[in-house]
Amino acid sequence: MTASCYITFPTTFFAIRAESILKKQLCSYKMVPVHRVISSSCGTALRCECDNIEEIKFILLENNVELEGFYKLKEEGLKTPVIIPLAIDDWEAGEK
Amino acid sequence: MTTGLNLYFDNAATSWPKPEAVYRAPERQMREFSGNPGRSGHTHTLKADRLIYRTREAVGQLFNIHDPSRIVFALNATDALNIAIKGFLNQGDHVLFSALDHNSVLRPLGRLKHDGIIETTMIPSSKEGLLDLEQLENLYRPNTKLMIINHASNVTGTIAPLKKMIASAHGKGVRVLVDAAQTAGAIPIDVYAEDIDMLAFTGHKGLLGPTGTGGLYVRKGIDLKSYREGGTGSKSESDIHPETMPERLEAGTLNSAGLAGLLEGIIFILETGINNIRRTENTTRTKICNRLVDLKRVKLYGPQTENDHTVAVISFTINDTDCGEIGYILENTYGILCRTGLHCAPFAHQAIGTFPQGTIRLSPGFFTTDQDLDYLIKALKEIIDLVS
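Protein chains in written order, with the numbering used here: chain A, 1 to 96; chain B, 1 to 388.
These are calculated hints, taken from the structure and not from any lab test. Built from N, CA and C at the ideal position, the CB exists for glycine as well. Incorrect hints may appear among the rest.
[Claimed, not checked] Distance condition first, Cα-Cα at most 30 angstroms in a straight line; then the derived DSS-like pairs of lysine-lysine:
(1) A/K79 to B/K220
(2) A/K24 to B/K47
(3) A/K24 to B/K235
(4) B/K235 to A/K79
(5) B/K299 to B/K287
(6) B/K235 to A/K23
(7) A/K72 to B/K287
(8) B/K220 to A/K24
[To be verified] Coverage of chain A stretches by chain B, computed from C-beta distances (three or more under 8 angstroms per stretch; other residues unrestricted):
(9) 7–17
(10) 42–56
Okay, chain A solo, but in the shape it has when bound (with noise of 0.2 angstroms):
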C-alpha cells in the first residue's frame, strides 16, 4: 500500500495557478484529475508527497491561492483508495 496526498481547489483558476506558482519552486509535485471518492470541486487536484504537503500549503497560501481540501490518499492497486481528510488549521486563504 502507498500513500500520497491531495489539494483540491474550489475552481481550475486556482488549480492553475497553483501549478503556475509551484513550477518556479523546487516542489515535486503533480496535477491530476480530482479522484472520484473526493467531492469534486473542480477537476483538477494537486497530488505530492505527503511530506511536502505543509511546505506546498504554506507557498501557495503566500501567493493568494485559494485552496478546497487536504486529503491524504492510500492507494493499493486499483482498489478503491482510502482517503483520509486531513485536518490543517487555517488552511484557507486570506485568512491566515
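Once you have looked at the hints, place chain B on chain A.
Quick look at chain B alone, frame taken from chain A:
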C-alpha cells in the same frame, strides 16, 4: 472590387491584419489540445486550462491587474458591458452615462430604464466631442450608483479624461465602469493607477485577437449578479452556481480557440510596447488629419490636430454627399475599406451635428503604411472632384 487592392481603414470595427501568430494559435489549439477547460483533468483539458490561465495573466499584465481571478472572459465588449451593467444595477439605481456612448451601453441601459428598474442621466458633449465636465458635478443624485465612461469615442476618437471623471465619481461614492472597446491595446490602461472599478474590453480590436473574445475586469469587493448560470466543471454536485471568481461570471465552455489567438495578440502588444503602438497610430492619425484638412469640401469632426487626447479614429464628411456613396466608391474603385453612416452611437452623432446622415470613418491601425496614406488621399481627391 475592381482594383484588387485591400487597404483596410476600419480597425475601429475590428482590427486587420493580425499578427501571424494570432492566425495560427486557434488552429493549433483545436488540432492539438482541444480539451474542455475546467472539465475533468486529462492532458488536453489541462493544456486548455493553462492556455486560459496564461491569457488571463497576459490581460492582467497589460492592464496592471494584480489578481487575474478578477478578469472574466466574455464574447466581446458588448457582452462584458451587459455582464457589468445588468449584474451591478438594482431597482431604483441612477446611472450616469455620456453622449459619446455606444449602443453597447445605451441599449442595456435603455432596456433597464424602459422596464422601470433604473434612472439615467446623460453627460453632454460639445460639438468637438468633448464631455462637459463642468456640468458633471450637478448631475449626481442621492441614488447614483454607477458612472459609465466611454474611454474613447468610436466616432470622434476623443479620449475621456479618465482620472478626473473617476475622481469625481469616487468622491460621490459612485462606482465606475470603463468601456475600453476603442482603447484596449491602443493606449496604456492601468486599472490600479487609474482606480478603475470595472473595465470592459474586446479582444478583436486593439488587442489584435479573433472575434468572439473580450472580457471584464471587476474590482475585488464588487460582487456582480450573474445573468447566466450553468456548467463550470467545479462543484458539480450543487445546483447553485459557484460564487468564486472568475467562474461566478463564466458559465459554459469558454472560447479556448479564440482565447489562444487573443493571447498571441496581447503577447505581440507586450513585445512591441503599448507606447510604441500608441505613438505609431497617433502619428498616422495626425498625418491623415493634416492632409484631410487641406482637401476642399472636407469637414472633419472631433479634435483635428496633433494631440494626445484621441485614438486613431477620424470622422469626416464631404459636402452633403451621401457617406455610403463615398464608401462605395472607395471600395469599388480604389479597394479602400472604411465604415460609413452612423457608428452605433446616435447621441455622439447628434452632439457633433452629423445625425442622421453619419460620417465617413477612417480608422488606421498599427500596420497602416505611409504608402497606404498616400493612396487614400489621392483617392479622396479624385472622389471630391467627381462629386463636386
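Hints numbered earlier in the text: which of these fail when held up against the supplied structure? 1 and 7
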